[in-house]
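2 protein chains.
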Amino acid sequence: MARKQFRDLADPETARRAIRSLDLDPEPETVPLREARGRVLAERIDADLDVPGFDRASVDGYALKAADTFGADEADPAELRCIGEVHAGAEPTVEVGTGECAEISTGAVLPPGADAVVMVERTDRATDESSETILVKTSLAPGDRVMFAGADIAAGERALGPGATITPREIGLLSAIGVDAVPVRGRPTVGIVSTGDELVRPGGSLDSAAGEIYDVNSYTTAAAVEDAGGEARLYPHAGDDYDAMEATLREAADECDLVLSSGSTSASAVDVIYRVVEETGELLLHGVAVKPGKPMLIGRLGGSAYVGLPGYPVSALTIFRAFVAPAIRRAAGVPEPETATVEGRMAHRERYSEGRLRYMPVGLVTDGDGGTLVYPVDKGSGATTSLVEADGIVSVAPDVEYLDVGERVEVQLFSPDVRPPTVFGAGEDDPALSRLLDHVDRPRYLAIGSRQGRRRLRDGVTDVAVVTGESLPDGTELGRWSREWGLVVPSGNPDEIDGLADLVDTDVRFVNRTTDSGLRSTLEAALDDLASERDVDRRGLTDAIDGFDLAVRAHESPARKVRVGDADVGLGLRATADALGMGFVHCGTERVSVVADETRADKDGVERLAAAIDGNESIFESLAGYRR
Amino acid sequence: MARKQFRDLADPETARRAIRSLDLDPEPETVPLREARGRVLAERIDADLDVPGFDRASVDGYALKAADTFGADEADPAELRCIGEVHAGAEPTVEVGTGECAEISTGAVLPPGADAVVMVERTDRATDESSETILVKTSLAPGDRVMFAGADIAAGERALGPGATITPREIGLLSAIGVDAVPVRGRPTVGIVSTGDELVRPGGSLDSAAGEIYDVNSYTTAAAVEDAGGEARLYPHAGDDYDAMEATLREAADECDLVLSSGSTSASAVDVIYRVVEETGELLLHGVAVKPGKPMLIGRLGGSAYVGLPGYPVSALTIFRAFVAPAIRRAAGVPEPETATVEGRMAHRERYSEGRLRYMPVGLVTDGDGGTLVYPVDKGSGATTSLVEADGIVSVAPDVEYLDVGERVEVQLFSPDVRPPTVFGAGEDDPALSRLLDHVDRPRYLAIGSRQGRRRLRDGVTDVAVVTGESLPDGTELGRWSREWGLVVPSGNPDEIDGLADLVDTDVRFVNRTTDSGLRSTLEAALDDLASERDVDRRGLTDAIDGFDLAVRAHESPARKVRVGDADVGLGLRATADALGMGFVHCGTERVSVVADETRADKDGVERLAAAIDGNESIFESLAGYRR
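Heads up: the sequence lines are chains A and B, in that order.
So the first sequence is numbered by my numbering: it starts at 1 and just counts up by one.
So the second sequence is numbered by my numbering: it starts at 1 and just counts up by one.
Just so you know, not all the hints are guaranteed correct.
Computed beta-carbon distance windows for the label pairs [what the hints assert, rightly or not]:
#1 B:R233 - A:D438: 29 to 35 Å
#2 B:E121 - A:A525: 39 to 45 Å
#3 B:D399 - A:E336: 39 to 45 Å
#4 B:R351 - A:E35: 40 to 46 Å
#5 A:D438 - B:E121: 42 to 48 Å
#6 A:D604 - B:R233: 34 to 40 Å
#7 A:R351 - B:T599: 46 to 52 Å
#8 B:E35 - A:R351: 40 to 46 Å
#9 B:D378 - A:G303: 49 to 55 Å
#10 B:D417 - A:D8: 33 to 39 Å
#11 B:E121 - A:G370: 45 to 51 Å
#12 B:E27 - A:R233: 28 to 34 Å
#13 A:R419 - B:E278: 41 to 47 Å
#14 B:T599 - A:P142: 36 to 42 Å
It should be emphasised that the hints constitute simulated quantities derived from the structure, not laboratory data.
Here the structure is a predicted model, which is why all the values come from computation and not from measurement.
Cβ coordinates follow ideal geometry from the N, Cα and C atoms, glycine included.
With the rest of the complex left out, here is chain A (with noise of 0.2 Å):
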């Protein structure tokens, strides 16, 4: 079909312009007092009652004349005579003349003839018990320890301006003024509508094998429009019925403020929705020169703004927060966040050299000397790990072409209140580290396997590595254990393997993990030494085993293959062929350290730990072929 053309990419002002050109402003509303927290007022309000509403006594005491205690003190009291009480919440039934007193309690009303109160500490009563005498031991002037009618806030004055954000304290003063009703900002209604063909919402049934994956922007977008003060509002998913994506569509424009849709994969999907801006809108732009996020459109559909966010999850979060949710928070009223900015040093040397302005996710470590280090947190766009192993964004100008190691760089966080990790470690994928990290507060750890963990390490970028094997990096061990490996099969070993040799000599299919797993150079190191036995390279060995370079991840993978049918033997930990009610063969026991930066190793978290290790035998009794 016949596209707008928009040949060059827009600058990011130009896209923040366009977004702002559109109007997103929701109408205002009003809201019970008990449900205003958070929100924005939308008018000022002025109160129409005096508070207090009444001459409150300040303290519990006597109301009195002050004229009566004229040079009153401790030696020289004036004698009053007590007419009577007056409680808070009644009404006075009594009138104070000359020479009397009447009892008050704290947030009484003065009653009539009174005009101070004393406080009852600088009072006594006169020696006999039933008397109603009291002795006043100090002068006092009128208006003493009186609250008058309208000195906290007096009928008409100005109470709160609109654009005040609702916080308990905001509650407190409308509440003092009998506010029970409260004019706000609405929320912009924010429909997102997802595209893709392949996507599946969270809890439905995935099928892999048709491409199907679980629909990430559609929750995430939905709760960073909430953080941004707007109200979500997820229409169901279309899938491939395109006839039904554009009623959608409209359905949502008609419904919203802002419609989002993030980007499709799909070209027959994205078709429909250029169509159906262009039918019933405008497309203002297309693509902006930042990245991650080149494929983004701002537009108007219907009577509501439209945005197209990009499809990768962390791409459509960078866009959101950089272009949207800027606009959402200023059509809900909401003051933009003071923005949360780190200082910190680049761990290491980043190229950079596309000539767009770059939103780089990175994470924070705190080194040895309490300075912060970031690195770029750069799994691909598809990952949506990264989403939660970054802690903000660095701005990298289009004409950077690298970050030096150790140059200062600026860090927007993605809230004020992201801190860096405790501990941050990175090496091997092992269940017991995983239920140790439980009993530490905040921790990061990437299993990246034990071969990039030692990298890391040296690096002086994380604070500690968990590695496989007797040679340990340079620093403090924290603590060990040993854990038994070999190879997983199906449940009763049906092809009857005994150990090694057999992936070398029999038919089977074997899966593999990757090389920087520590598991697998343990592997190879047993079959060295089966290769030295038999008088042979390893090279002649590994070749003969069917499936050696098929190498997958993560310490379950093998034995998940295995498990639906994939391969026949994998190579794994007794504890997960344990966990997972497969069988398992035994090839030997390794040892699993875990090694402190020797800088670091008096870092809270460092320590924590090294203590969770010391403190939790009961995890390594859970796990089948694990010892301490």
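Position chain B relative to chain A; hints supplied.
Leaving out everything else, chain B in the frame of chain A:
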């Protein structure tokens, strides 16, 4: 009744320990992913599927065997036969053989036989449009542009740990692994019991003559509980029915993890609380050595934790923040917020010598150099307006006798997004000004009269003063207007008041404004004129005015007293008489000027205020007797 005796006030740390000793932990619960934003994960979540669940094409292009492209480049492309296509969300129907390729979309399943994908940009179709021959102009390695199954996160890997706060990013990862029911920490249920006889819920009707006031603490505390991650439950107000109050306390103890009440001024109500706590639980502590907030109870009420907060709203909220909120956050698993503090200099000397830790509420103002000035906000603990006039708390140690002007202090902000007002003014209470402030973002204005406005401007505390009269304080006049003043009388002017002379000469009851008011000064100047006409001194006239010393603070207050029949004539503005539908006797016109501190005239908010005066003619037109 006999009460457990607590001779000394507990120190704050003892009070914190007492609260920590109480159990207010709720049960964990499971919530839908869509509602999990802001909750805290109760347990570790491991992936139980691979993400992606299949080997996935990362780009639009052609799936092929990498070996077929060996040595290919622009000059010498590899020629492959395209045998079909694979779309995202569809199971491949082709198998790629040697010398073949298949068109593939981003996100689609890599078809059997293929081990890499070439981007469409690095290919050409052979010149003949209908040809199925694809020219691949680059060499590929196996795995290029493919995201392998489980590469993002694999089945069995740790996804998130217990204690993680669920933000849009965690929602993204949980979506990706298909988790739609999330185990989260429960929110502690906090029952709020309102105990004062004199309290009326906002929205209810108030009998001020009987000393009733609106219940400020219930809604305020409820909102603060929710800010801290608890679930607030408001119990019906029992008024002065002590049996009902006891029943409510017992019910709340049954239903909630924590029960809060706020100090009643009614001794009988306090007795009921003491008795129920001692009968069903235990009182651990009574009274903490802090100001404000000495009267604080900590104990157990049945199986529930119990804290009695002070009665005054500022005290109650301060004590809640300092002692109760951390306990609720701990029970909810919510991390302590990053403490938001700013450093500033004291704007004036503040004396203090009560020997207790003082949580001093303070306001902030930015001075001309961008520095932060700090001034105490202390209108008496009974004032609710101080809730919104303060920005944070300065902790003053018990042994501090005074804070000197210019002394550096650290302010703990009420929340991290608190910022100083853009403009801080004080002075005349004026309805035009009140409306002009609606056009300024985050202003703060204290309507404390021209005299106090002049003083604060001179002391360098405020940015602007709003004053009446021709004589201006030093500074830059941002704008001015005039307003008609005179005598507000009942509609129809039943006493046939004609001017100021009638106040002196006839038997009417007058209501004045307080001496800080600029309008009062204007009245006094006019009375001076009348006195010289009559050749008497002013005192001779004012003594003859019934009610000259009956002075109220706010601009509408005299008129409102007249309206309810408490007086016959009040000092006021034509605009006020007009707004309240009352009669008005013109006495004169006075000038109102807005004057800025010279060093702060270019502060953003000050400029905005000047622009608001210039740009809102309609405000002056809408107010009777106003002219700019």
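Status of each hint after checking the structure:
no., hint, result
1, B:R233 - A:D438: 29 to 35 Å, "holds, 32 Å"
2, B:E121 - A:A525: 39 to 45 Å, "holds, 44 Å"
3, B:D399 - A:E336: 39 to 45 Å, "holds, 41 Å"
4, B:R351 - A:E35: 40 to 46 Å, "holds, 42 Å"
5, A:D438 - B:E121: 42 to 48 Å, "holds, 46 Å"
6, A:D604 - B:R233: 34 to 40 Å, "holds, 37 Å"
7, A:R351 - B:T599: 46 to 52 Å, "holds, 48 Å"
8, B:E35 - A:R351: 40 to 46 Å, "holds, 42 Å"
9, B:D378 - A:G303: 49 to 55 Å, "holds, 52 Å"
10, B:D417 - A:D8: 33 to 39 Å, "holds, 38 Å"
11, B:E121 - A:G370: 45 to 51 Å, "holds, 46 Å"
12, B:E27 - A:R233: 28 to 34 Å, "holds, 31 Å"
13, A:R419 - B:E278: 41 to 47 Å, "holds, 43 Å"
14, B:T599 - A:P142: 36 to 42 Å, "holds, 40 Å"
No hint from the list above goes unmet by this structure.
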